[in-house]
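Peer 1: First to last, the sequence lines map onto chains A and B. FYI, in the numbering used here the residues of the first sequence are 1 to 301. FYI, in the numbering used here the residues of the second sequence are 1 to 615.
FYI, nobody ran anything at the bench for these hints, they're computed from the structure. Don't take each hint at face value.
[What the hints assert, rightly or not] Quick list of in silico lysine-lysine cross-link-like pairs, DSSO-like style, CA-CA up to 27 angstroms:
| # | chain 1 | residue 1 | chain 2 | residue 2 |
| --- | --- | --- | --- | --- |
| 1 | A | Lys42 | B | Lys491 |
| 2 | A | Lys42 | B | Lys421 |
| 3 | B | Lys187 | A | Lys42 |
| 4 | A | Lys30 | B | Lys116 |
| 5 | B | Lys421 | A | Lys30 |
[As the list claims (entries may be wrong)] With beta-carbon atoms standing in for the labels, derived distance ranges:
| # | chain 1 | residue 1 | chain 2 | residue 2 | range |
| --- | --- | --- | --- | --- | --- |
| 6 | B | Ala459 | A | Lys162 | 57 to 63 angstroms |
| 7 | B | Ala612 | A | Leu55 | 38 to 44 angstroms |
| 8 | A | Val19 | B | Pro105 | 25 to 31 angstroms |
| 9 | B | Thr325 | A | Lys162 | 34 to 40 angstroms |
| 10 | B | Ala459 | A | Ile96 | 51 to 57 angstroms |
| 11 | B | Gly321 | A | Ile147 | 43 to 49 angstroms |
[As the list claims (entries may be wrong)] Residues from chain A that face chain B, not an exhaustive set, calculated with beta carbons under 10 angstroms:
| # | residue |
| --- | --- |
| 12 | Gly145 |
| 13 | Tyr275 |
| 14 | Val298 |
Every residue gets a Cβ at the ideal spot worked out from N, C-alpha and C, and that includes glycine.
Single-letter residue listing:
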Amino acid sequence: MVPTIVGVILLIFFLFNWVGGDPAMVLAGKISNPEQIANIRKQLGVDLPYWQQLLIFAKQVFTFDFGRSWSTNEEVSRILLTRVGPTLTIMIPVLIITTGLSVLFAIMVAYVRGSLTDRSIMVVCTVAMSISFLVYIIFFQWMFGFILGWFPVQGWSESFWKNLFTYAPLPIMLAVFVGVAPELRLYRSFFLDEINQDYVRTARAKGVPEKSVMLKHVMRNAMIPILTNVGISLPGVFVGSFLLEVFFSIPGLGREIITAVNRSDFPVIKAVTVYLAILTMLINLLVDVMYKYVDPRVSFK
Amino acid sequence: MILLNFGPLKLLRLAAPCLAAVFFATGAVADTPKKVLRFAFRTAETGFDPQKIDDRYSVGVCENIFESLLSYDYLARPVKLVPMVAESIPQPEENGTRYTFRIKPGIFFADDPAFKGQKRELVAKDMEYAIKRFRDYRNRSPYAWLFENKIVGLDELAEKWKKAGKVDYDTKIPGLEVRDKYTISFKLKDPDYNFLYVLAMPNVVPVAREAIEFYDADTMGHPVGTGPYLLKEWVRRSKIVLEKNPNYRGFELETRYADPGDEWDRAAMDSLHGKRLPQIDRVEIYPIEDEQPRFLAFLNKEHDILDEMPFAFIHQVLPNGKLATKLAKEGMHVFRELQPELTYYAFDMNMVAEGRPNPVGGYTPERVALRRAMVLAYDVNGEIEVIRKGQAIPAQSPIAPGVVGYDPNFRSLAQEYDPVKAKALLDMFGYTDRDGDGYRENPDGSPLTIRLKYDAGSAEKRQLAELYVKSLNDVGLRMEAVAVQFADLLKDKKVSNYMTATSAWIADYPDAQNFLQLLYGPNTGQSNESEFKLPEYDKLYEKSLGLPDSPERNALYREMNRLLLAYAPWRLGVHRIFNHLQWPWVKGYKKHPILYTNFKWLDIDVAAQQAAMRQ
Numbered sequence: 001m002v003p004t005i006v007g008v009i010l011l012i013f014f015l016f017n018w019v020g021g022d023p024a025m026v027l028a029g030k031i032s033n034p035e036q037i038a039n040i041r042k043q044l045g046v047d048l049p050y051w052q053q054l055l056i057f058a059k060q061v062f063t064f065d066f067g068r069s070w071s072t073n074e075e076v077s078r079i080l081l082t083r084v085g086p087t088l089t090i091m092i093p094v095l096i097i098t099t100g101l102s103v104l105f106a107i108m109v110a111y112v113r114g115s116l117t118d119r120s121i122m123v124v125c126t127v128a129m130s131i132s133f134l135v136y137i138i139f140f141q142w143m144f145g146f147i148l149g150w151f152p153v154q155g156w157s158e159s160f161w162k163n164l165f166t167y168a169p170l171p172i173m174l175a176v177f178v179g180v181a182p183e184l185r186l187y188r189s190f191f192l193d194e195i196n197q198d199y200v201r202t203a204r205a206k207g208v209p210e211k212s213v214m215l216k217h218v219m220r221n222a223m224i225p226i227l228t229n230v231g232i233s234l235p236g237v238f239v240g241s242f243l244l245e246v247f248f249s250i251p252g253l254g255r256e257i258i259t260a261v262n263r264s265d266f267p268v269i270k271a272v273t274v275y276l277a278i279l280t281m282l283i284n285l286l287v288d289v290m291y292k293y294v295d296p297r298v299s300f301k
Numbered sequence: 001m002i003l004l005n006f007g008p009l010k011l012l013r014l015a016a017p018c019l020a021a022v023f024f025a026t027g028a029v030a031d032t033p034k035k036v037l038r039f040a041f042r043t044a045e046t047g048f049d050p051q052k053i054d055d056r057y058s059v060g061v062c063e064n065i066f067e068s069l070l071s072y073d074y075l076a077r078p079v080k081l082v083p084m085v086a087e088s089i090p091q092p093e094e095n096g097t098r099y100t101f102r103i104k105p106g107i108f109f110a111d112d113p114a115f116k117g118q119k120r121e122l123v124a125k126d127m128e129y130a131i132k133r134f135r136d137y138r139n140r141s142p143y144a145w146l147f148e149n150k151i152v153g154l155d156e157l158a159e160k161w162k163k164a165g166k167v168d169y170d171t172k173i174p175g176l177e178v179r180d181k182y183t184i185s186f187k188l189k190d191p192d193y194n195f196l197y198v199l200a201m202p203n204v205v206p207v208a209r210e211a212i213e214f215y216d217a218d219t220m221g222h223p224v225g226t227g228p229y230l231l232k233e234w235v236r237r238s239k240i241v242l243e244k245n246p247n248y249r250g251f252e253l254e255t256r257y258a259d260p261g262d263e264w265d266r267a268a269m270d271s272l273h274g275k276r277l278p279q280i281d282r283v284e285i286y287p288i289e290d291e292q293p294r295f296l297a298f299l300n301k302e303h304d305i306l307d308e309m310p311f312a313f314i315h316q317v318l319p320n321g322k323l324a325t326k327l328a329k330e331g332m333h334v335f336r337e338l339q340p341e342l343t344y345y346a347f348d349m350n351m352v353a354e355g356r357p358n359p360v361g362g363y364t365p366e367r368v369a370l371r372r373a374m375v376l377a378y379d380v381n382g383e384i385e386v387i388r389k390g391q392a393i394p395a396q397s398p399i400a401p402g403v404v405g406y407d408p409n410f411r412s413l414a415q416e417y418d419p420v421k422a423k424a425l426l427d428m429f430g431y432t433d434r435d436g437d438g439y440r441e442n443p444d445g446s447p448l449t450i451r452l453k454y455d456a457g458s459a460e461k462r463q464l465a466e467l468y469v470k471s472l473n474d475v476g477l478r479m480e481a482v483a484v485q486f487a488d489l490l491k492d493k494k495v496s497n498y499m500t501a502t503s504a505w506i507a508d509y510p511d512a513q514n515f516l517q518l519l520y521g522p523n524t525g526q527s528n529e530s531e532f533k534l535p536e537y538d539k540l541y542e543k544s545l546g547l548p549d550s551p552e553r554n555a556l557y558r559e560m561n562r563l564l565l566a567y568a569p570w571r572l573g574v575h576r577i578f579n580h581l582q583w584p585w586v587k588g589y590k591k592h593p594i595l596y597t598n599f600k601w602l603d604i605d606v607a608a609q610q611a612a613m614r615q
């Protein structure tokens, strides 16, 4: 984990200093002179030698203290803590529903592979995947929020339950709608790989009921790549969808990250990136542990 | 003693009407619906420390929490200064170098823990403290330039603070003279007849030192002012809630400068007549960056007003320039506003830009001719009709509408779209296509490529860049459009790392000087992005600073405009027209060209609002 964190620190530091914009220019306002810009750079600490800035960054990572946002002066830790809730309110249901539906539909279409149903669903999935997420958002918001009035067009409140049952359903529905198609196709291929295995043929030859073959034997073995895929997408759950958050006024992390990038707000960018890197590593570790329970062939050394 | 003569039953019977009255009175108060105004900002705010901010949206909130010495009359057009916490508008003294204000006694800050349970009155020292805060190096104030080289002793104090690495607000300076509890006198280094406008800016406001020191690291989140509202709730970049400040003294609509022939003025006077303002109890502001949700939230009646309606929906709302029938039937109103702003393309006037010879820089006749040909070749009509959907007018001068010095009748042939004239001008000065590749070369035969830099984050800027490239191609000039990040664009323009680039300016205060200073030579490295240095122009500018608003000063402005058109350090763009929408239950609406918000002057018909929300 330590080498990965070091790599992340170096990469972020390199990208910000050589590719990112100068934050002093953004903060200086409409009229500023070189002296003022130098003063801002000094205040932000971006005038220090690179090695010193890098050391400060490393210290921040290990103390988890990223200071305050350069643009709003809000504590970075507060930004993360207050924005992650709305993001998870949307993304956890999205992950659960998308994975559930994808696995269910995938095993169903894998079972009837080559049939008209299978081919029709695959065509629908391919078409659905070809349309931009932005188009879906614009259409769903207009149709279900404005024309039909089933959901509010946008908004967020302080009540978790109101958010979950009033404001979140439309963005969740959208993300599920968009997420199911690619996952269904992928999981279908995992199931097909297993269905064609010898052990399935043997089980059927031994007279094991079809239901048991599919749900016990095929499903269990297909769960390993499915788990890997869910594990890969898990860190994304914690940063949310920028487009959903912007269009539905959800005060989540995705929106915060884009704002930070646009404003060259390095403390926020640093904190989010490190937080995401650590999360990714922890989740990978967790997924590795879970393999043991899904696949008996895997054992800990 | 009298009560002792009554039996318990009789006592109860006598008390019943009183109890009932108390009960119903309490019920009536509890049942009075709050007047709530809901609307969206199109960009997220940054915070509410008035001396630390410069974005319009944060300043717009501060307009309602804090109060400046002077402000603007709500209805008067052209805009008119009026006293706010000052007793009156002072006359310039000592040839426009001294302004003395007396603050109205009895104005109190909103109650706050910083005041430890005491009522805190606004005094002259609060203004002195606020002005010094602009120059406190720790605050990184984006409006520090307002008080640079301006107030006697302030530059020296700021320099001393910076050198010492610490600040001492108790140090007195001759330019900020607190004469008594309520009187402050500003002594300026040079005459400045626009200084009163500076003191009417919504972030040039007195603040309480105790509150600033109490909240220290997070003054952005704890604004404490004397204005009509206080910050009740703030979910950063998501929701801002303001509620009436109980300590606020209130006011009535000033109708002295209203135009009875103006339908908006009449409607405001009718609906606000005799009412104590502010009428709105609670204001909910939602920053929504994307256009569609902002627009749909308004159409869905989740919001009451929509300021700066997105241009993308202009054909749905204003087909052929008239409000759509369906919306008009619902009672929607649209306020069309030509904002005091200007878009333009700046040319870098240096001979070297981006580390190479700059073909558009310099003051020689052929360079001037090239820039003027580019000005003539640019299809500004296409920009207005296609990209801006008819919601703009071509700029004829660098001075925006609604500011002192703007002449609506001024027309300039130098800024008109005329590709034939552009070609003739290029031919005349030797910019011809010598190698037959379809593009013109420099008069010395070297290749000619002009690079345009624009903000990569804006789809509109990309369209404008494409139009510019096409316009120049049509006259045989080769242009490369380069998209760069906003922060980089700012930096490139500051350090002369561009040939031509997109720019815009919105008035800080309603005087032409705010626009004309953008080309003043000594402002190079600050606001003069073109690094335009023309002694003739500078002399006129300096002379205009010493004059109050007068025909003599307007003549100087006209002459400066003439020089701009002749030397073409800019290709003037447009003045945009914004459409502000309101539902019929919003009363008293009129958009002010300088102030960003107007909700302290608004009222709401709550019954109509709630009926619409139920539908």
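Peer 1: Hints first: check each against the structure and report whether it holds.
Peer 2: Tested hints:
1. A:Lys42 to B:Lys491: holds, 17 angstroms
2. A:Lys42 to B:Lys421: violated, 51 angstroms
3. B:Lys187 to A:Lys42: Violated, because 31 angstroms separates the two Cα atoms, which is more than 27 angstroms.
4. A:Lys30 to B:Lys116: violated, 38 angstroms
5. B:Lys421 to A:Lys30: violated, 35 angstroms
6. B:Ala459 to A:Lys162: 57 to 63 angstroms: About 34 angstroms separates the Cβ atoms of B:Ala459 and A:Lys162, which means 57 to 63 angstroms is violated.
7. B:Ala612 to A:Leu55: 38 to 44 angstroms: The hint (38 to 44 angstroms, Cβ to Cβ) is violated, given that B:Ala612 and A:Leu55 are roughly 59 angstroms apart.
8. A:Val19 to B:Pro105: 25 to 31 angstroms: At roughly 57 angstroms between Cβ atoms, B:Pro105 and A:Val19 fall outside 25 to 31 angstroms, so the hint is violated.
9. B:Thr325 to A:Lys162: 34 to 40 angstroms: For B:Thr325 and A:Lys162 the Cβ distance comes to about 36 angstroms; the hint holds.
10. B:Ala459 to A:Ile96: 51 to 57 angstroms: violated, 35 angstroms
11. B:Gly321 to A:Ile147: 43 to 49 angstroms: violated, 26 angstroms
12. Gly145: holds, 6 angstroms
13. Tyr275: violated, 18 angstroms
14. Val298: Hint violated; A:Val298 Cβ to chain B Cβ min 44 angstroms, cut 10 angstroms.
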